[in-house]
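Novice: Sequence:
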Amino acid sequence: MTYELTCRIKPYIQPFERELALRELEALAGALPRPVPRDPGQPECFRVRSQVAPGALARDLAFWEAVRGENTLTTTQSLRESTVNVVRNGISLEAIASILPFNGSVPFPNRRCLRYGSHGLHEYRGKFFPQLVRNFINLAKVPSRGVVADPFSGSGTTAVEAILAERTVVGLDINPLSVFMAKTKCALLRVKVSDLEDAYVKVRSLLLAGAQPTGCSRLRKIAPSDAEYLAAWFHPRVLEELDFIYASICSTPTGGIRELFLLALSNILRKVSWQREDDLRVRREIKLIDEIDPIREFLQEIGRSVRLVLAFLRQEPNRRLGKARIEEGDARHLQTHWRSLRGKVDAVITSPPYATALPYLDTDRLSLCFLGLLPRNEHRKRDQAMIGNREITERARTHYWNEFTRAKDILPASLTSLISRIQSLNQRGNVGFRRRNLASLLYKYFSDMRQVFVGVSEVLKDGASVFVVVGNNHTIAGGKHIEIPTADLLAEIVDSVGLQTVQRIPMEMLVSRDIFRKNAIGSESILHFKKL
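Using our numbering, you'd call the opening residue of the sequence shown number 12 and step up by one each time.
Be careful, since some hints might not be right.
As the list claims (entries may be wrong) - List time: in silico DMTMM-like cross-link candidates among lysine to aspartate or glutamate, alpha-carbon distance up to 20 angstroms: (1) Lys152 x Glu37; (2) Lys282 x Glu134; (3) Lys541 x Glu519; (4) Lys138 x Glu288; (5) Lys282 x Glu327; (6) Lys282 x Asp301; (7) Lys541 x Glu494; (8) Lys152 x Asp473; (9) Lys152 x Glu177; (10) Lys419 x Asp473; (11) Lys232 x Glu134; (12) Lys392 x Asp237; (13) Lys213 x Glu312.
Derived by calculation from the structure, the hints in this document are not laboratory data.
Model the full structure from these sequences, guided by the hints.
Specialist: Structure representation (structure tokens):
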């Protein structure tokens with residue numbers, strides 16, 4: 012059967028998203044969309060003749076609001092995003108239940124919405140757009156129950172969207188907090204609404220009553236080195252109250268719900284510590300103890316988080332989900348971690364670290380220590396192993412530079428020229444240790460990424476797609492401004508390891524709304540590759 016359909020695109024999307032929207036509609040409908048003439052101020056619509064039922068298109072499209080055939084169907088993606096508008100201003104749990112699932116008018120967002128459902132949990136640097144993941148799954152034509160992989164799974168954006176699309180997802184990350192975050196976000200999609208509501212009411216009541224449960228203390232479990240570190244960053248009373256919150260969380264059943272509460276606790280640690288809140292580095296900023304109230308901050312955070320998740324769950328009470336397997340590990344060793352996936356992955360969708368841009372693990376020290384995810388005495392070793400790390404010892408700097416001089420033949424000439432130029436410029440001037448280290452760090456970053464893409468090529472099926480969202484960087488060397496075109500350089504590296512560049516799409520960046528907005532990367536690109 013052939014359907015005559017009219018699809019309404021989201022009105023606020025950027026030009027690059029519009030291009031992706033048209034490509035995904037063509038991929039899913041199997042026909043070229045044709046623009047519908049419109050008056051100024053009217054929604055932009057496209058017609059398509061398709062043998063795909065309108066309900067199937069409405070279920071899968073990422074950048075579209077509605078599909079009209081005999082009836083008008085709101086896309087599942089727009090319904091999910093619209094749940095965010097329901098939970099504003101501290102709406103009661105009963106009111107959420109009375110509104111959702113939507114029946115009639117839908118409060119469509121009037122701007123890009125990235126934090127619906129479990130996507131809205133916990134701040135995270137470098138989080139990319141959930142809609143992109145669903146769009147890439149569509150463009151890659153990942154089959155039902157097909158496998159999507161993310162070697163830099165971060166906060167779980169790819170993982171959540173892949174299982175919502177009923178695909179299997181495998182994820183890997185070297186940061187234990189990232190792994191915990193991604194697993195929690197996926198697990199929450201399977202919890203029962205009544206169980207989440209009951210646990211929230213219980214924990215909230217315990218905290219408001221000040222009745223600490225017995226037999227569960229985080230501070231009594233941690234190693235002396237971790238206890239000493241936390242004592243240096245929290246007032247004693249604050250640590251006691253955080254331990255009270257932890258004990259109250261332990262009164263809930265293990266699983267996704269308890270992990271949600273622990274994530275909420277992690278997300279307030281920076282705010283109630285002596286750490287400067289909007290600084291990527293762990294720098295001290297003494298705050299008046301009378302202005303720090305951990306219990307109030309936690310109740311606000313968990314109230315917001317629970318409502319986001321509840322609204323999402325109520326909107327889709329009969330949701331069908333794929334499977335998720337997210338592990339802690341080093342993406343440079345994909346051949347080991349994903350040995351069983353060799354030649355089985357239908358698409359890789361990822362946003363890797365940027366070159367020497369962020370101290371990824373360093374930012375999470377307080378959470379890693381308090382939640383017991385990584386002992387304090389292992390932080391430096393793990394941090395130095397991370398791709399894109401900007402910390403390096405003098406000995407390691409020399410080692411990587413010597414390695415670079417021996418490995419020039421396996422890297423693109425444009426990259427070796429850039430690294431050599433930066434090294435030469437910085438050697439001429441009196442520069443600080445970070446500038447002295449930069450050339451070696453850049454070599455390490457691109458060498459590491461080459462190793463990752465070798466592993467990616469091995470796990471992909473023939474003809475399968477890779478989508479990479481990555482940002483460029485820049486530096487000052489010898490007093491000169493030097494651009495580091497990361498996207499172009501990665502594309503050259505990828506072409507040398509059995510993958511073929513299909514397209515590069517520049518992205519207009521949003522102004523970041525998170526606490527690290529001062530450190531946002533100025534330009535990003537989508538790189539699309541295929542395995543030959």
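Novice: Against this structure, judge whether each hint is valid.
Specialist: Going down the list of hints, with the structure as the test:
1. Of the supplied pair hints, the one linking Lys152 and Glu37 holds, its CA atoms being roughly 11 angstroms apart against a limit of 20 angstroms.
2. Our distance criterion of 20 angstroms between C-alpha atoms is met by Lys282 and Glu134, whose separation comes to about 12 angstroms.
3. Between Lys541 and Glu519 the alpha-carbon distance is near 24 angstroms, which puts this suggested pair outside the 20 angstroms criterion.
4. For the given pair, Lys138 sits about 18 angstroms from Glu288 by alpha-carbon distance, which is consistent with the 20 angstroms threshold.
5. With a C-alpha separation of about 33 angstroms, the suggested pairing of Lys282 with Glu327 is violated against the 20 angstroms cut-off.
6. For a cut-off of 20 angstroms, the pair hint linking Lys282 to Asp301 stands: about 14 angstroms separates their Cα positions.
7. With a C-alpha separation of about 27 angstroms, the suggested pairing of Lys541 with Glu494 is violated against the 20 angstroms cut-off.
8. Between Lys152 and Asp473, the direct Cα distance comes to roughly 14 angstroms. Compliance with the 20 angstroms bound is thereby established for this hinted pair.
9. Restraint check for Lys152 and Glu177: satisfied, since their Cα atoms lie roughly 13 angstroms apart, inside the 20 angstroms limit.
10. Among the hinted pairs, Lys419 with Asp473 is inconsistent with the structure: their alpha-carbon atoms are about 29 angstroms apart, more than 20 angstroms.
11. A hinted pair counts as satisfied when its Cα atoms are at most 20 angstroms apart, and Lys232 with Glu134 does not qualify at roughly 26 angstroms.
12. As the CA atoms of Lys392 and Asp237 are separated by approximately 16 angstroms, the hinted pair is consistent with the 20 angstroms bound.
13. As the CA atoms of Lys213 and Glu312 are separated by approximately 16 angstroms, the hinted pair is consistent with the 20 angstroms bound.
Figure legend: structure checked against the earlier numbered hints; hints not met, in rising order: 3, 5, 7, 10, 11.
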